[in-house]
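Q: Turn these sequences into a full structure, and let the hints steer you where they fit.
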Amino acid sequence: MSWFSIQELEYLLRIVLAAVCGGAIGFERERRSKSAGIRTHIIVALSAALMMVVSKYGFFDVIGLGGISLDASRVAAGVVTAIGFLGVGVIFTHGRTVSGVTTAAGLWATVGVGIAVGAGLYVTGGVATVLIVLFQVILHRSSPLVKTQRTGTVVLELSEAESDPAEVRRLLEERVSAVEGVRVTRLADGRAEVKCDVIFPAGYTAEDILRTLKGMPAIRSVEMHHPG
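Under full-length UniProt numbering, the first residue of the sequence shown carries the number 1, and numbering increases by one thereafter.
Do not rely on the hints blindly, as some may be mistaken.
Derived DEER-like restraints, expressed as beta-carbon distance ranges [unchecked claim]:
| no. | residue 1 | residue 2 | range |
| --- | --- | --- | --- |
| 1 | A77 | R32 | 22 to 32 angstroms |
| 2 | A77 | V16 | 17 to 27 angstroms |
| 3 | V130 | G190 | 47 to 57 angstroms |
FYI, nobody ran anything at the bench for these hints, they're computed from the structure.
Everything numeric in this text was worked out from a predicted model, so none of it was measured.
All C-beta atoms in this analysis are idealised placements derived from N, C-alpha and C, irrespective of residue type, glycine included.
A: Shown next as structure tokens:
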């Protein structure tokens, strides 16, 4: 067991703690059915902590040999930069609506938490995790604390019979603040896809949209795309 030491145990605990923090952040995202959930956030936090541990402690055997010196902060900076490709992958545009920005920001923040825990800043990483989750919950668009209107896109698939996009627009205008645009795509089998850019009132939910449109027998499916 000479290869294992108390110091190694501490390194492993840092990685495990980082994974727990990442999982807490990812749980909130997965609960809202976002593209990056628990597994993604755990892997991101764990990897960031691992790279930080390696950069700080993995080169003790070569430091001082032939004038070799190391800067652990360069690895941390590289990790933060590299997460950009993953963040871009969860941002999507639907009409005039951009979604996934909060999830991308959460991934970037998860890297910060992983780096902090990997560097031994347990309290800092833990408190940051609590704050990230807290603000994601209390400032979510469904929270009663958030009263601002939100833009979004409603995508409907209409059956061949009774396909009336104008009726869809009329129903939406009765409930939402504004319908800014309607785009209709006729599909090969006679069905129609209708995309409506709308401004939702404060506190509006997907259930409100479904209740508004449930009276149309021509509707086969409904999707909502909005930020957050």
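Q: Any of the earlier hints contradicted here, and which numbers?
A: When the structure is compared with the hints, none of them turns out to be violated.
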